[in-house]
Structures are given as C-alpha cells and as structure tokens.
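Peer 1: The chain contents come next:
There are 2 protein chains.
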Amino acid sequence: MAWKGISDAVIRRLPIYLRVLEEVRDKQPSISSQELGAKASVTPALVRKDLAWFGEFGKQGVGYDVGFLQDELRKILHLDEPLHMALVGVGSLGHALARYNRRRFLEDPIFTIKLVALFDVNPKLMGDTIDGVPIYGLEEIARIIRELEIQLAIITVPADAAQAVSNTLVDAGIKAILNFAPVQLEVSDNVHVANVDLSLELQRLAYYVGL
Amino acid sequence: MAWKGISDAVIRRLPIYLRVLEEVRDKQPSISSQELGAKASVTPALVRKDLAWFGEFGKQGVGYDVGFLQDELRKILHLDEPLHMALVGVGSLGHALARYNRRRFLEDPIFTIKLVALFDVNPKLMGDTIDGVPIYGLEEIARIIRELEIQLAIITVPADAAQAVSNTLVDAGIKAILNFAPVQLEVSDNVHVANVDLSLELQRLAYYVGL
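Protein chains in written order, with this note's numbering: chain A, 1 to 211; chain B, 1 to 211.
Okay, chain A solo, but in the shape it has when bound:
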C-alpha cells in the first residue's frame, strides 16, 4: 500500500504507535486515543489525526482494537513481511550496526527488517561474513540487490565515498537509505534518506552542558 503526500512527521510517529501497541497487546484488547497518545508522548487529537490519514480504525467510545491496528500499521509501514536490507561500509560502525540489526531481527519477532548483504571496498573482507551475512565488493551491489530483492540500505562509508555509494544504490532501485556518513546526500525526489549524524548530535548536545 502507498499513500502519497503524507508528511514525514506523521510517518515518524507510526513506529512509535506500533511499539506502544506491542507493549499493551497482552494486557488489553482495545486502547483509547488518550492512552495511546499518553504512552507515545503526543496529544489524543494528534493520534486520531495521524491515523485518519490511512482509514477509519477506531470506534467512538471504544477506541482502537489493538491487534487490528497493529496489523494495519504493519501493512502501512511494509513491516507485515520480511524486508531485505543491505549495509555498505563494514568499518567499526558498520560492523556494530550489522551485529545489532541481526540480533534484533533474530530476537524480536515484530522486527521484520532483515540484513541480507554487506558491501565493502576492502578486498581482504571479501568472502567474510558477520553473523552469517556475507560481505561483497562494491561492484556487486547492483547484482546482489536485484537477486536478493533488497529494498532498504544503510550507508556507513567515509564522507568522501558516500555520494558515489548512494548513486549506485539508487541506480540499483533502492528507495530508502539510512545514512551515517556526515554529508548531505543528493538523491532524486522519489528516494528517501534519513540521516544519523553522530558528530552533529554531540555538537548540538554540547550547547546544553552550560545551561
């Protein structure tokens, strides 16, 4: 399913709602927008507005059916079946994220994003695996993405290599990238990039040490 034109701010909250629903599902069959909002740190009105973008999920006076809303949110987020992911750049951060993601996938039944391929420029790493996931050369990106039906990618290469890697991924059909390189990637409008820039996060936090 796909809904065009919904703001990223709305999309950002959906996984948080999903996490709340997972927490309460063994304890209660339904949840009000008040309770869902309180646990997600937003107002009940915003919960209702966010969910109304995608359909009529609640019942007046009853609230939302927890299991039903979970299923619907999973479908909206493409988390209703395993989603294949690649990671490019197996340095110390890439290595740690690969292990973190694999552990998460194996231990958490609702985490459906599966890392299936790693890529690096270093010839010494070729043929190695991390927690069973093989490492390939960068020249294999297009072939492996096609063969393994990979739809999501993490970039953990150095800043000066990131744009070229991003271009290769996008040319191979990737539409969603989580970028850890400290650069602003240029991509076409139909590709979505989320940036995690640890240096910027620390530098802005430093502001608050003096307050």
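Note that these hints are calculated values from the structure, not bench results.
Do not take every clue at face value.
To be clear about the criterion: a stretch of chain A counts as covered by chain B if any three or more of its residues have a C-beta under 8 angstroms from a C-beta of chain B, and this derived list gives those stretches [what the hints assert, rightly or not]:
| # | segment |
| --- | --- |
| 1 | 9 to 16 |
| 2 | 50 to 58 |
| 3 | 71 to 79 |
| 4 | 85 to 94 |
| 5 | 142 to 150 |
| 6 | 168 to 182 |
Listed next, the in silico SDA-like pairs over lysine to any residue satisfying Cα-Cα at most 25 angstroms (straight line) [to be verified]:
| # | chain 1 | residue 1 | chain 2 | residue 2 |
| --- | --- | --- | --- | --- |
| 7 | B | K75 | A | V183 |
| 8 | B | K39 | A | D108 |
| 9 | A | K39 | B | L200 |
| 10 | A | K27 | A | D108 |
| 11 | B | K59 | B | R99 |
Cβ-Cβ distance ranges computed for the label pairs, FRET-style [claimed, not checked]:
| # | chain 1 | residue 1 | chain 2 | residue 2 | range |
| --- | --- | --- | --- | --- | --- |
| 12 | A | D131 | B | A159 | 30 to 36 angstroms |
| 13 | A | L106 | B | S30 | 16 to 22 angstroms |
| 14 | A | A172 | B | P29 | 41 to 47 angstroms |
| 15 | A | G127 | B | D108 | 40 to 46 angstroms |
| 16 | A | D65 | B | D108 | 50 to 56 angstroms |
| 17 | B | N195 | A | P123 | 48 to 54 angstroms |
| 18 | A | D65 | B | G210 | 21 to 27 angstroms |
| 19 | A | D131 | B | G67 | 45 to 51 angstroms |
The beta carbon of each residue, even a glycine, is placed where N, CA and C say it ideally should be.
Assemble the complex: chain A is given as a structure, and chain B must be docked to it using the hints.
Peer 2: Chain B alone, transformed into the frame defined by chain A:
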C-alpha cells in the same frame, strides 16, 4: 555562555552552520546569508534569524566574517575547548561508537568532544581500555564524572537498564545525554536528552520502499 529559552530547532542548525564555515574558511574571508543558507539547506532569512538570537554577527552588504562567526558559534556551543564525555554500555554498538569518537577527536582538529571514560556492568571488562580509554564499573560513575570533569554522556546499554543509568548520570551532574537505548528516558527539565533509535529509524524508512 548560556541563552535560555532558545528552541532546539535553532540549536540543531548551529553545528551545520559551523560545518559549512569550516568548509569555506580556506577559500574566502566572508560569507553571505544566501551562501551559508544554500550550503546548509535553509533559507537566508532563517540563517539571519537563527544567528540574531545570539548577537549581531553580520554586516549589511558584506555578510559574516568566516573566522569570527566560527569562533562565536564554537563559544555558544561550548566547542571552544575540549569537552569531556563518558559512554555507558560497552557492547558492540558502544565499542564501535567509542572507537569512532576517538578517531574523530584525534583526526579532526575542530571536533573537541573527548571521550575520557567508559563504563560497563561486565566485571570481565574492568581494567580494559578501548583506544586508550579505560573501562570502569557502573559503581564508579559518580566518582569518575567528578574527577575527570565529565559533562556529556552516551548511553548504549540495553533498554531495561537505561533509566537506572540515566538516573545515576543525572545525579552525578550530567546535563546532556545521547541515548541509543530504545526507551524514552524520564529526566528533570534541566537535562537534555537526544535519542538515536535505530529500530524506529529503519521502521519509518520502510514506509518509503513502497512509494
């Protein structure tokens, strides 16, 4: 220096301006709000508005003196001298972040955030170091933070341990925390927490694979 009541959205952009200034400093003595805005992906008006919170830095028709604005932004962000940081939770992610941060600090002269202490619950790690930074037990947090004048902390412990670690850090005087644990930490109003939740980031990105 400290300015109360300035929104976090403003503070978030300051390290981005700083990064742009660093890029251009060897090429030009001054920069216009047009050029600074273009390179930081914001409007010139927003650049002028953001900087006006902190003083009169630009000259009509000339723009901003690059070196002067760098110095001022560093002072505002407490990046004008080394800032001591701790990391709690030396699992695979914590280990990678420790190495990443040390490399950044050693290689990049404008990155002044220095990791000086690591903490973990595992007795087998006590006395070990990562790139020269020692690992201590959790019971040492208060003493080491005081002795090494640590002002910033990263949390990379499992979700169920994060709140207790956060409480200990805050009791020891920490005002700024970068939290990687997938929980919402409860802290008093004078403490600032930035969350990096990799699972949530991936789950929201998954939305875009179908568009």
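Peer 1: Now tell me if each hint is right for this structure.
Peer 2: A quick look at each hint next to the structure:
1. 9 to 16: Holds, because 5 residues of the segment 9 to 16 of chain A bring their Cβ atoms closer than 8 angstroms to Cβ atoms of chain B.
2. 50 to 58: violated (count 0)
3. 71 to 79: Check passed, 4 qualifying residues.
4. 85 to 94: The restraint on the segment 85 to 94 of chain A holds, since 3 of its residues have a Cβ under 8 angstroms from chain B and three suffice.
5. 142 to 150: The restraint on the segment 142 to 150 of chain A is violated, since only 0 of its residues have a Cβ under 8 angstroms from chain B and three are required.
6. 168 to 182: It holds, with 5 qualifying residues against the three required.
7. B:K75 / A:V183: The hint holds at about 24 angstroms.
8. B:K39 / A:D108: Violated: B:K39 and A:D108 sit about 41 angstroms apart, past 25 angstroms.
9. A:K39 / B:L200: Holds, at about 16 angstroms.
10. A:K27 / A:D108: With a Cα-Cα distance of about 19 angstroms, the restraint between A:K27 and A:D108 holds, given a limit of 25 angstroms.
11. B:K59 / B:R99: 42 angstroms, violated
12. A:D131 / B:A159: 30 to 36 angstroms: Distance hint for A:D131, B:A159 is violated at roughly 20 angstroms.
13. A:L106 / B:S30: 16 to 22 angstroms: Cβ of A:L106 to Cβ of B:S30: about 55 angstroms, so the range 16 to 22 angstroms is violated.
14. A:A172 / B:P29: 41 to 47 angstroms: 43 angstroms, holds
15. A:G127 / B:D108: 40 to 46 angstroms: About 33 angstroms separates the Cβ atoms of A:G127 and B:D108, which means 40 to 46 angstroms is violated.
16. A:D65 / B:D108: 50 to 56 angstroms: This hint holds: roughly 52 angstroms between Cβ atoms.
17. B:N195 / A:P123: 48 to 54 angstroms: 38 angstroms, violated
18. A:D65 / B:G210: 21 to 27 angstroms: Since the Cβ atoms of A:D65 and B:G210 sit about 24 angstroms apart, the hinted range of 21 to 27 angstroms holds.
19. A:D131 / B:G67: 45 to 51 angstroms: At roughly 48 angstroms between Cβ atoms, B:G67 and A:D131 fall inside 45 to 51 angstroms, so the hint holds.
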